[in-house]
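If you read the protein sequences in the order shown, they are chains F and C.
Number 101 in this note's numbering belongs to position 101 of the first sequence; there are no gaps in the numbering.
Number 8 in this note's numbering belongs to position 8 of the second sequence; there are no gaps in the numbering.
These are calculated hints, taken from the structure and not from any lab test.
Keep in mind it's a predicted model, so treat the numbers as computed, not measured.
Among the clues, some could well be false.
Since copy identity is lost for identical chains, a pair holds within one copy or between any two.
Stated by the list, open to error - Calculated cross-link-like contacts (lysine-lysine; reagent style DSS-like; alpha-carbon spacing at most 25 Å):
{"no.": "1", "residue 1": "81", "residue 2": "125"}
{"no.": "2", "residue 1": "159", "residue 2": "125"}
{"no.": "3", "residue 1": "168", "residue 2": "193"}
{"no.": "4", "residue 1": "18", "residue 2": "81"}
{"no.": "5", "residue 1": "193", "residue 2": "150"}
{"no.": "6", "residue 1": "159", "residue 2": "18"}
{"no.": "7", "residue 1": "18", "residue 2": "153"}
{"no.": "8", "residue 1": "18", "residue 2": "150"}
{"no.": "9", "residue 1": "18", "residue 2": "193"}
{"no.": "10", "residue 1": "193", "residue 2": "159"}
{"no.": "11", "residue 1": "11", "residue 2": "150"}
{"no.": "12", "residue 1": "193", "residue 2": "153"}
{"no.": "13", "residue 1": "193", "residue 2": "11"}
There are 2 protein chains.
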Amino acid sequence: MARARAVAGLKTPRTRLKRRPNRGHHDFATIAAILDEAFYCHVAFVAGGQPYAIPTNFGRNGRTLYIHGSFASRMLNELAKGIPLCLTATIVDGLVLARSAFHMSVNYRSAMVLGTATRVEGDEKESALEIISEHILPGRWADVRWPNRKELKATTVLKLDITEASAKIRSGPPVDDDADLALQCWAGVMPLKLVPGEPVADAQLPAGTAVPDYARRFPRPRGRD
Amino acid sequence: MARARAVAGLKTPRTRLKRRPNRGHHDFATIAAILDEAFYCHVAFVAGGQPYAIPTNFGRNGRTLYIHGSFASRMLNELAKGIPLCLTATIVDGLVLARSAFHMSVNYRSAMVLGTATRVEGDEKESALEIISEHILPGRWADVRWPNRKELKATTVLKLDITEASAKIRSGPPVDDDADLALQCWAGVMPLKLVPGEPVADAQLPAGTAVPDYARRFPRPRGRD
Numbered sequence: 001m002a003r004a005r006a007v008a009g010l011k012t013p014r015t016r017l018k019r020r021p022n023r024g025h026h027d028f029a030t031i032a033a034i035l036d037e038a039f040y041c042h043v044a045f046v047a048g049g050q051p052y053a054i055p056t057n058f059g060r061n062g063r064t065l066y067i068h069g070s071f072a073s074r075m076l077n078e079l080a081k082g083i084p085l086c087l088t089a090t091i092v093d094g095l096v097l098a099r100s101a102f103h104m105s106v107n108y109r110s111a112m113v114l115g116t117a118t119r120v121e122g123d124e125k126e127s128a129l130e131i132i133s134e135h136i137l138p139g140r141w142a143d144v145r146w147p148n149r150k151e152l153k154a155t156t157v158l159k160l161d162i163t164e165a166s167a168k169i170r171s172g173p174p175v176d177d178d179a180d181l182a183l184q185c186w187a188g189v190m191p192l193k194l195v196p197g198e199p200v201a202d203a204q205l206p207a208g209t210a211v212p213d214y215a216r217r218f219p220r221p222r223g224r225d
Numbered sequence: 001m002a003r004a005r006a007v008a009g010l011k012t013p014r015t016r017l018k019r020r021p022n023r024g025h026h027d028f029a030t031i032a033a034i035l036d037e038a039f040y041c042h043v044a045f046v047a048g049g050q051p052y053a054i055p056t057n058f059g060r061n062g063r064t065l066y067i068h069g070s071f072a073s074r075m076l077n078e079l080a081k082g083i084p085l086c087l088t089a090t091i092v093d094g095l096v097l098a099r100s101a102f103h104m105s106v107n108y109r110s111a112m113v114l115g116t117a118t119r120v121e122g123d124e125k126e127s128a129l130e131i132i133s134e135h136i137l138p139g140r141w142a143d144v145r146w147p148n149r150k151e152l153k154a155t156t157v158l159k160l161d162i163t164e165a166s167a168k169i170r171s172g173p174p175v176d177d178d179a180d181l182a183l184q185c186w187a188g189v190m191p192l193k194l195v196p197g198e199p200v201a202d203a204q205l206p207a208g209t210a211v212p213d214y215a216r217r218f219p220r221p222r223g224r225d
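Same shape as in the complex, but just chain F (with noise of 0.2 Å):
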């Protein structure tokens, strides 16, 4: 594991790791590139009293994040109040196979922001959909058809700056008890990748159409500092 560097702001009482704090990190270029090569995240947030764990895309450029919608989205329209958020991105990365039960444990990297979230407007939001789209799939912006004022109308996009944040990494081996070293049990670690498969055209699409190189790249390369 990486060594912990405390940047100052993102470290906080609330994104301070009361356990293991050796699996914590604050300093931003580890956060950065855990959310970078997340495809996804998990915002959380309180409505009705009732906290909501919802799966979304992200972009990020240098210390901000966006996410995006539909302008009928209850989520957005939630967030866009102004109300506290939790966005948090999980990369696995492999099943720790201890000797004993209770030293199981999974290899994984985790970012989590803390903020509020503001909306985003004219030449802002064009952008913002240009580098949540490249966050999903570089290079794929070039190709297609950019949103029209109809389609811009229809989609809230909303800003959260990384300013609170931390991140929690558990790599390398098992670590078990000597007195479990003498088991007869295969012990370490089993790898784990999201890969690509082979692309399913679409029905409609000319037949001989290339697919792009870049539908093929993976892991992504990273985002924009």
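Start from chain F and add chain C according to the hints.
Chain C in isolation, oriented as in the chain F frame:
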């Protein structure tokens, strides 16, 4: 997309999908299948007025979900007070590359369970730990040393009944506007799958210890009903 079949109880005003109701499902079998295939979940809860979404492992036995962690875990101690929570498990199946940015999408399956958790003790605690372990990797429990009294004491297990829940599923090809079908742009689905890599044996493992078959099995078999 499978047809939605509502089951009394799971569908409530809070789990009803207001937008895109055709993506919403409230039948138990659909929700259970997503939970069983999901590798982990995010649990949303509120502490000090701030919502959090925290990744964690879980297990399912019929209509009961189990989560576990250290007795010192802030999340588990907050949840044990009986505060409202949301457990969401999401599986990404692919990128949906439409001809317009507006219709770009992701194929995914997500299950969301709302409720409150209660502490589990005694025999149910031990069996819950087996259920969580077998959810992570079926077959592993029989091979490892089981928790001793000290480890059980150091572990908190909570349960959550599936009484209010929904699933959201997006599948299939892109849905483009007719006017965009003539664009010279590849369109279709890029499938994504979590796959196991080559196992990495622990450095202290005796040479020649075989990797168990269950460690290579992926996706994992379904949970218990």
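Evaluated hints:
Taking the closest pair of Cα atoms, residue 81 and residue 125 come within 25 Å of each other only inside a single copy of the chain (18 Å); across copies the shortest separation is 41 Å, beyond that limit. In this assembly of identical chains, the alpha carbons of residue 159 and residue 125 lie at most 25 Å apart only when taken from the same copy (10 Å versus 42 Å across copies). With identical chains, the CA atoms of residue 168 and residue 193 are at most 25 Å apart both within one copy (18 Å) and between copies (23 Å). Taking the shortest Cα distances, residue 18 and residue 81 sit within 25 Å of each other only across copies (19 Å), while inside one copy they are farther apart (31 Å).
In the homo-oligomer, the alpha carbons of residue 193 and residue 150 never lie at most 25 Å apart, since the shortest distance is 38 Å inside one protomer and 35 Å across protomers. Only between protomers do residue 159 and residue 18 lie at most 25 Å apart by alpha-carbon distance; the minimum there is 23 Å, versus 28 Å within a single protomer. With identical chains, the CA atoms of residue 18 and residue 153 are at most 25 Å apart between copies only, with a shortest distance of 19 Å across copies and 44 Å within one. Taking the shortest Cα distances, residue 18 and residue 150 sit within 25 Å of each other only across copies (22 Å), while inside one copy they are farther apart (48 Å).
With identical chains, the CA atoms of residue 18 and residue 193 are never at most 25 Å apart, being 29 Å at best within one copy and 34 Å at best between copies. Taking the shortest alpha-carbon separations for residue 193 and residue 159, neither the intra-copy value of 29 Å nor the inter-copy value of 29 Å comes in at or below 25 Å. With identical chains, the CA atoms of residue 11 and residue 150 are never at most 25 Å apart, being 41 Å at best within one copy and 33 Å at best between copies. Taking the shortest Cα distances, residue 193 and residue 153 never come within 25 Å of each other, neither inside one copy (37 Å) nor across copies (34 Å).
For the homomeric pair residue 193 and residue 11, neither the shortest alpha-carbon distance inside one copy (29 Å) nor that between copies (34 Å) is at most 25 Å.
When held up to the earlier numbered hints, the structure conflicts with 5, 9, 10, 11, 12, 13 and fits the remainder.
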